[in-house]
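A.B. asks: Here are the chains, one letter per residue:
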Amino acid sequence: MSLRTKGVPSVSKTPPKTAEGKTPVRRFRPGTVKRLFSYMSDYKIQIVLVVACILLSAAANAASSLFIQRLIDDYIAPILLEKSPVFTGLLRAIFLMACIYLAGILATLFYNRVMVVVAQGTLKKIRDKMFHHMQTLPVRYFDTHSFGDTMSRYTNDIDTLRQMISQSMPQLFAALVNVTAVFLAMLYLSFELTAFVVVFTFLILMVVRKIAGKSSVFFMRQQDSLGDVNGYIEEMINGQKVVKVFCHEEKAEEAFDRKNGELCYCSTQANQYGNVLMPVLFSMGYMLYVLLAVVGGALALAGVQNFGMAGIGVLTIGTIASFLTLSRAFVNPIGQVSQQINLVIMALAGASRIFDLMDEESEADNGYVTLVNAKIENGEIREAGERTDLWAWKHPHRDGTTTYTRLTGDIRFFDVDFGYEDNKTVLHNVTLYAEPGQKVAFVGSTGAGKTTITNLINRFYDIADGKIRYDNININKIKKADLRRSLGMVLQDVHLFTGTVLENLRYGKLDATDEECIAAARLANADGFIRMLPDGYNTVLEGDGGGLSQGQKQLISIARAAVADPPVMILDEATSSIDTRTEAIVQKGMDALMKGRTVFVIAHRLSTVRNADVIMVLEHGRIVERGSHEKLMQDKGRYYQLYTGAFELE
Amino acid sequence: MIKKLAGSIRQYKKDSILTPVYVVLEAIMDVVIPILMANLIDYGIDEKNMPYVMRMGAGLLLCAVLALLFGALAGRSAAIASSGLAKNLRHDMYYKVQEFSFSNIDKFSAASIVTRLTTDVTNIQNAYQMLLRVAIRSPAMLIFCLVVSFRIDAGLSMVFLLAIPVLGAGLLLVISHVHPIFQRVFRTYDRLNNVVQENLRAIRVVKAFTRERYEEKKFTDISQSIYEDFSKAEKRLAFNMPLMQLCVYGSMLLISWLGARAIVASGNNPALGLSTGGFMGLITYSMQILMSLMMLSMVFVMIIISRASAERITELLDEESSLKNCADPVPEVKDGSVSFEDVVFSYGRKTEKPVLDHVDVRIASGQTVGIIGGTGSSKSSFVQLIPRLYDVTGGRVTVGGVDVRNYDLSSLRNQVAMVLQKNVLFSGTVRENLLWGDENATDEEMVRACKLAQADGFIREFPDRYDTYIDQGGTNVSGGQKQRICIARALLKKPKILILDDSTSAVDTKTDALIRRALRDEIPDTTKIIIAQRISSVQDADLILVLDDGKIAASGTHEELLKTSRIYREVYESQNEGGAVRE
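Order-wise, the sequence lines are chains A and B.
Residue numbers are given in the numbering used here: position 348 of the first sequence equals residue 368, and the series is strictly consecutive.
Residue numbers are given in the numbering used here: position 210 of the second sequence equals residue 213, and the series is strictly consecutive.
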């Protein structure tokens, strides 16, 4: 696929981040919950409404239990005493209850629906933010992270949040309301017994923490493992042709089974701990009940003084009975909520992975020089609002003045050193200059560092030492987006996007007309085959231009760069899969297009570079020769050897 | 559909059956415990009977321990069964995908296959776990409560029977409205995955054209449509819970009213009819019914969401591979001869003109064949028919005199090694990548293959030599190095036929020549088919095919073609401008 470390290959020090069980225990990122809430802050009003509705719904519930408790004593019993039964009182009460229930039901409906919007809106916000942030990451990130694992964050990890926000959060809150209400009622009855409950609750929470902690470790591993499986499938399907050619299906299956087994193990463990939580909580609730009965009974028999908000007195049997009922109401909601705990823990694991990605450091960009369209007025360069053929660098200075430098495409390297890893230098002391309008070619055996040079010009990677100047401006001062806008690139590995041919051609200049695109396609000699496609320029390309040959994709990629019409062009093995006859036609077109502009060409095929103004021969990260084709042929040096390699053998 | 999915339960059948059993045992405890609790208060606390409190307490604790035990067991087996089902589903799907031909894969798209294998399976896993834990318990509780209430007062309990159809109708309405939306949402998920995947793979293009904003727009559009669809679906699902409440509260009020009248009518005499005690029982059970229904409604939501996922999984599992072994496959490839007999081939779209148009070629075993042709002249399509990556549309391709469709696929592909134009190395060490060719290869064999492919030299310069780690997609080796590792990998297979599809394009001329010489001298018996752009790469071949627009325009040796083929001559001249210097 891409062309990262040409040059002496750098070796990734990050091992495959999978590995069964070897991964150190990962825990949730601290502050995950708080951060999740911060994404919900857009919905403050809705959340307040939801809270109100949950309270309302809880109130309706409470009213319901009260009504049932008093139904017989207050309504049915008096009727029984009457000679001719009068049901109006009961009817009124039932009607009142119907209204309360209706309000409760409506409140439930309302908060459930609002929560959907809150949840989905929050998810969308997180998704979009994550994608936005991903676009700012340096190329290095993409080179070192599994694609499928990153994809998993957008689907599997985000999905864990869905249920938590829309389902678990309201239920947790409702439970909290219930528990608080019951707790107050307990305090009303008896301080001592409440104190006992508090101590016991503390114990329960300790147990919950222990189990939930175990579960969380495994849920974290489950999500990581899911990402790993996702990554493996993605890589394998992408390389399916190779898998088939090598009959490697079985091996691929074996490796898959290993990863799949690991995922299953983590998932089982995580869910198991989560599932155990509910029975544990309920049993502890029962235990509390028994203990309360025994302790309360003993206290009552001993005639101990009871302190409650209701007053001070002897602990009565009635109080204990009521308290026992309350203790059930205290534990029940906790037990029910414990079912949600799985979801919550899983969601926190997912969120941790999402925030990991969001906290990756963005590409540094301290540039302040921007690229603007320009026109010349009275011999001075002025910024132009419309699109002109003239480009200029807008250079604001510290004293408030702004100067404009015409973009000419003069690129110079001064003693540049670079390595993809700190301790391994790939380029040594590279000094080169490309004058405006020159065609500069890089040749050299594979791995000599040619692509690396282009990676530095457009700042996919930053140099370690030395200086690169573009129109005499240090490229570190140029805003990255503007720098890259000024450089057209045709890369060794062609990537097309799902969409029509026209959309793909327009990628570099979104407002290009159809005519411009077709003209560029003609120039790249792609017009012919595009017209042969089922829907011509409107044919939808899928799966990275599947159905097109490698050479055809390269032609489209060249046309794409031509549409962008950049002042400087970098062609990195742009024609390697194109036959030489077609290449000759393409080259003629490109030469006409790039007349007066700077072009960098990298090619193994020497016919591609022969007519360059300057040819740089690279060897092991150093420039060993430079000059025109004729000069280098006369010198009979390295270039001569490369060029006449076939002869040398015979 | 369910049958298909259930087929993946396999070794987890035991846990799948045990879970509901444990759950029911736990539920029995849950029924018994409240009775004990009531007794504890009524006869223990109220009567100030401490010994009774102790006795009941002990019984209660025992029950609590049992409840815990069964609950824990249920939780454990539910976790095992559902994770296991998910594992088996992923396994089955992945194996299925390995059987797929490329047209199968194209049909689903890579991104969609990935979503199906992970996200969709996770949905099923969650639903299955829920199902095991709740689906037996809640209906059991429901029926239990209904039966008891009927025994208390059949007439009044009719209210429940009235409520249930209302509930059922409401739920059906919700399903029918929600299911199509979920089907759509998951398709949108595929699109989302696709955009992310393309963005990741083509990040250099995105950055080079500074199209970050544009990509974000693409992403947020899809993200927005997921938001809208999911909101729409879940908003409808939100009717679920209030609907339950409506039915249960409604029933309760009706029972209150009718119950009160019945009590009055009977004069609160259990012998004559409903008493207050029976009435309270009815109310309690209706609360129980509410609880069970709530649990069921959660299952119900899960099932609706997972139904769309289940459909997507079965769709993949049901897909028939379009490339299959024939009934009685030939296990062995005799020699490296290849013939194309009147071959017509197209990639499936009927409207397109065939990619290969009536091609006839005969290649003897051990020959070296060069293929030259313009961009889009179907060179790659031509060679991909030999290891049967695709099937011909018409005519036939034979290897060793036998139609490729009659071979066992893996024996055929083991003898036809192909180095693809779009080379892929996998994340792993150089050695691991090489072992793809032959997993039992010794170090000597590996080094020899690398020497032939001119790869040994640079591999030795790597800091960790053969154990150097190669990043995903081989981003940390240069294009030419990647190509040479790929050639070495193919050589390790010791194939009868070796196909190099423009495999030295990024290798300099000298190295290219060295590779060709090594192949000629070291593996003379292997048929070598070489696609190249450079004439120099093929001019020594025994036979050179000139492809043009899906047809064989000319064939012969270098000298013959220079005389007979205009195309060949032009290509040759374009590469040798300036006379003597040959590229």
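It is worth saying that the hints were derived from the structure and are not from the lab.
Watch out, some of these pointers could steer you wrong.
As the list claims (entries may be wrong) - So the derived label-pair ranges between C-beta atoms look like this:
(1) 200(A) x 50(B): 51 to 59 Å
(2) 572(B) x 651(A): 25 to 33 Å
(3) 115(A) x 50(B): 22 to 30 Å
(4) 444(A) x 7(B): 24 to 32 Å
Said to hold, decoys possible - Examples of chain A residues lying across from chain B (beta carbon under 8 Å, computed):
(5) 86
(6) 101
(7) 114
(8) 116
(9) 119
(10) 148
(11) 176
(12) 262
(13) 391
(14) 417
(15) 419
(16) 593
Ideal Cβ positions, reconstructed from N, Cα and C, are used throughout, including at glycine.
A.B. asks: So, for every hint listed, does it hold in this structure?
C.D. replies: Outcome of the hint check:
no. : hint                        : result
1   : 200(A) x 50(B): 51 to 59 Å  : violated, 33 Å
2   : 572(B) x 651(A): 25 to 33 Å : holds, 31 Å
3   : 115(A) x 50(B): 22 to 30 Å  : violated, 40 Å
4   : 444(A) x 7(B): 24 to 32 Å   : violated, 53 Å
5   : 86                          : violated, 13 Å
6   : 101                         : violated, 10 Å
7   : 114                         : holds, 5 Å
8   : 116                         : violated, 10 Å
9   : 119                         : violated, 11 Å
10  : 148                         : holds, 5 Å
11  : 176                         : holds, 6 Å
12  : 262                         : holds, 5 Å
13  : 391                         : violated, 10 Å
14  : 417                         : violated, 25 Å
15  : 419                         : violated, 30 Å
16  : 593                         : holds, 6 Å
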